[in-house]
Amino acid sequence: MSIGIIGIGTYFPKAIQTAADLVDATGIPEHILHEKMGIRQRHIAGEKDTVSYMASQAAKRAITNAGIDPAEINVVISHGSEYKDHVVWNAAGKIQHNIGAINAYAFEIYALCAGAPIALNVAKGIMQSDPSIKYVVLAAASRENDIVNLSNERTRFMFNFGAGGSALVLQRDAGRNVILGASAFTDGSLSETVVLTDDAVPAGENPIIGDIKGRLDVTDPDYMSQRLGAVSMDRFLQVIKEAVSKSGARMDDIDFMGVVHMKRSFYTALLDACGLTEEQSVYLEDYGHIQSVDQALTLELGLQQGKIKDGDLVVLTGAGVGYTWSAVVIRWGKSPTESTS
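When you line the sequence shown up against my numbering, it's residues -10 to 330, in that order.
These are computed hints drawn from the structure, not numbers from a lab. Incorrect hints may have been included.
[Unchecked claim] Result set (DSS-like, lysine-lysine): computed pairs, CA atoms no more than 30 Å apart in a straight line:
id	residue 1	residue 2
1	Lys252	Lys323
2	Lys230	Lys298
3	Lys49	Lys25
4	Lys235	Lys252
5	Lys323	Lys49
6	Lys123	Lys252
7	Lys298	Lys323
8	Lys296	Lys252
9	Lys123	Lys49
This one's a predicted model, so the numbers in the text were calculated from it and none came from an experiment.
Can you build the whole structure from these sequences, using the hints too?
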């Protein structure tokens, strides 16, 4: 028995902000924003573009792409931003209602930008443990650019944050696009290096965690930079290699890798470390980083650009503050050993 992806959907707000538009607010030259930080443009959410709305729009498109009736869906899982419509609130319930999944139960899981591979693995486990579950929808959205202060030098790695949503539909015994191995790793020493504060925190001061109207800030930039510089590449490779090994494959079997959006130099170094080229991936410079939306977006773009073909071994990987790295493997295309029912 296998679990496969049968539908993909995305949604992006109409408003776009280019690298040129960010020059005055950030004080960073346009060529640096684009070439080094990976920002050519990003989508900016409008008033209606709440997390639940964007995730719901993406989910509706994924359901249409899957060709199923929303009433057939058994579970809705939201793995998007905690900066959402309301505080202390289950966005998955609103998404379930919006998409017409009247027979589904709904809940959230949260691992920030590492969330998508983990959500896929959680959904797979739920479906394998309960034979009554045939369809699961995974949906995510983010507009965390709202809570980034573009004049705060400590948060410059967040200047590429954009807005949008993505969704996947999973099916039991789909017979195609089978979810294989997954892996994740957390370094909790970094758990409080990025928090939501009332305002930008002066360097060296202890932060006071504010409400949802606060701003994201880095509480210990020196430690965060030092620690991530020392371990991030190794942790990415660790979870990718573990996920591939659990899939019964080798690193040189990888045909395509969808990577959470990051600065270009680390992106190309990661591809190189995995023995891959940029033709075997997509770089999200026209979207920005949209938390755990990124992975399904890379999958959709990889298919649209002809970079993913039947039989390909696909890896989706991410990393999020907290700090967690994750990866999941998918065998794209029809599975010769599984039922197509």
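Please write out, lowest number first, the hints stated earlier that are contradicted by the structure.
When the structure is compared with the hints, numbers 1, 3 and 6 turn out to be violated.
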